[in-house]
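Asks: Those protein sequence lines, which keep their order, are chains A and B. Letter by letter, the first sequence follows residues 1 to 384 in my numbering. Letter by letter, the second sequence follows residues 1001 to 1420 in my numbering.
Source of the hints: derived by calculation from the structure; they are not laboratory data. Note that the coordinates shown come from a computational prediction; the quantities given were computed from them, not determined experimentally. No false leads were mixed into what you were given.
The calculated BS3-like cross-link candidates involving lysine-lysine, where the alpha carbons are at most 30 Å apart (straight line), are: (1) A:K343 / A:K330; (2) A:K308 / B:K1103; (3) B:K1114 / A:K343; (4) A:K361 / A:K343; (5) A:K330 / B:K1072; (6) B:K1114 / B:K1072; (7) B:K1071 / B:K1286; (8) A:K27 / A:K210; (9) B:K1286 / B:K1264; (10) B:K1114 / A:K308; (11) B:K1114 / B:K1014; (12) A:K343 / B:K1103; (13) A:K330 / A:K361; (14) B:K1014 / B:K1072; (15) B:K1071 / B:K1103; (16) B:K1103 / A:K330; (17) B:K1250 / B:K1286; (18) A:K219 / A:K27.
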Amino acid sequence: MTALPGTVEELRSLVEDVTFPRVREWKESGGKVVGSFPVYAPMELVHAAGMLPVHLFGAGGGVEIEGADSRIQSFVCSIARSTLELGLRGNLQPFDGFVFTNICDVARNLSGVWTRNFRDRMVEYLHLPQNVGSGAAVDFMVRELRRLLASLEQVSGRTVSEDDLRRSVAVFEENRRLARELSRIRAESPWLIPAHEAYLLLRAGGLMPKEEHTTLLRKALADVASRPSRPMDRVRILLVGSFCEQPPIALLRAVEDAGCYVVDDDLALGLRFIERPVVADGDPLRSLAAAFVGGAANSSVCHTVRPKTEWLLERAKALRVDGVLFCTAKFCEPALYDYVPYKEVLDRAGVPSLHVEFEEKMNAFDQAKTQVETFVESVLFEEA
Amino acid sequence: MAVTAQAVPTDLGKTLQRDMLATYYGALETANEDGVPVAYLFIPGNIVELTRTFGFLPVYPEINALQCGIKKVAGENIVRAEDLGYSSDVCGYVKNDIGLMLKDRQSPFGRIPKPDLLVCNYSGCNTFIKWFEGLAHFYGAEMFLLDIPYIRGRGATESDVAYVVAQLEELIDVCERRTGVTFSEAKLRETLEYSRQAEDLWVEILNLARERPSPFDSYFEAVFYMAPINILRGTPETVEYYRQVLREMKSRVGEGHGPVPEEKFRVVIEGPPPWPHFRAFWELFKRWGVVAVASTYSKVGGLYDQGLRHDPSRPLESIAEYAMNSYTNWNLPMRADLLRRYVETYDADALVIHSVKSCRSFSVGQADFREEFVNELGIPTLMVESDLADPRYFQEAQLRNRIDAFFESLQQRRLTGAVA
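Assemble the whole structure, with the sequences as input and the hints as a guide.
Replies: Here is the structure:
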């Protein structure tokens, strides 16, 4: 076993390595692997089937788009194109299956593109219920989970019992509990852990065995609490819009260096998508379904009965933020639609906001940094 | 034969649908003032028969967008929405709708009423959700999201249908609450019967494109003929309309009359048309004697030709099945298979894909199955890009070059094939 990556640099190289070293390691020791395309998939099921659940997040600019270019048009987001590119280049050879969901039209159709291009692998499309106010939503999702589980059992060659599922739900719940704890610390004392570091910690959880990541999180929490860092004169920012494709780490650093504490964000949201604690005492699939229907994180990819704008205002208020940074991927329709009503309610409530757009291939960050610096100055000026 | 032919005026189908749309838009103009409830719906897989039974007038923002496209005002509407903050990379239909809203809903075909209820029939398009969430925000209107599962595997399952039916029952409660009208199953059955009759006739018309020459263009003309079934489905007028169009088409068949002077190439077309440049786009094909004998866009309102029907004897179940089986709610392998079957059954020479930026639901996957058509099935396939609403994406010279080169090579292939 490789030692736990401890430093930020180690985490960064793990996250940016498009050859998936930890995944290959798992595969070489005889295990099976199932990857999910963002945002959320119930990876507890993959875990319960004894396989390694991996969260795919594109290539982060780590590959040239060649083969995928003839299969997906140029007006589609980087993550859809680069994830396919990884598959076509053989980087995803260790994967035995892939799960897609209805987060947007691109992801949904991608399931079909993958079905054709990776005929020897399991490709599942999971329909996450969107009418979360309906009395029929949980039952529907239970059936979807059962269907997915049957596919996973076939891939793993092993029958999954309710106890297996309960154990996996508990493993994931403990992991999310620690992630929530980390979020709480960040919101209260953002000087203790920079956002990009918290992000790397979280992202690593999609690339290694869950139990190992839980140990890593525990270690990190202890380490963070004992840091001697002192608060600096920075503005408190909520980052919104990066729930699927991930901004370059250099962009996150640029935002922080420009004078921001990113006190909360929706980066790699799928790894902590269920915000309500999940207790699998009865039927574990029903617990998972109910947790999704009633306790999913707010994002542009799931409909909510209550307007999302209310959530945003409450969140901004609870976190006492000085501003909101919309950090959206180029061509990301869900985020780009929500941006307009979000901005409108923030304007009305007097909360400053800034919109920064990114792409995986982005490699110059000076302009973004200047933009954020100007924003920070104007926020400080307003408050003075 | 000649007598029958003379009895049917040319382009009756197009003239009639234009009049029907004018009447429809006329009724919309005063709906808010007259206190008539208005439900906004999307075209694919909608449940208009149900809202009709409660007296809701339907408004279809997609139809308004395409009409604005044809009337050449979509461009300015889109710019207005972009000024509000909508990205240049999101759907032009949505932006057209927002642009209309910002202009007090004044369109070239009359004033569009505000929604009393937004029924988001989430079938085949995720953007629908974002679109109506936006409208719910700006209008302060109630939104009901009808979650329609995307097809996994080869078709809608019984449990999927039951899931949609359960939500339809919840929607009935919402409609009763909003209108004060008690649900009448008898009325719903009556409405569904009109839908079913129109659907039967429409399929009969579509099948006539198997004739040589095809009596009509199943893309550039069918988009007009499909308007009544998409907009006014569930009414006796619509049944009568298709009766008349069927007569017109049969008479064209009798005369050997088609949409071009000489039918040289028969194609299947995939993807929505570029509405702001509809005529110009059609001309690029007409000059080669190209006729679309089947298209997927003419099925966005329903894959009736695949056996799908509204059924008064199974009211909610058949509505649910209809809702699930909209073209873009089919997965890509099913879509590609349908295209292949169209090429075969309509005896087409080629497949033409019009890929539009606005609609990723249509577009993502097209480039991929093009590979399958060309490399595995040996079907000549042309793929061109522009947009359905945004006039800025239509590059006529570039499109002309691509289209000319494609049909030139088809022609060449035909000539050398004949020699060999």
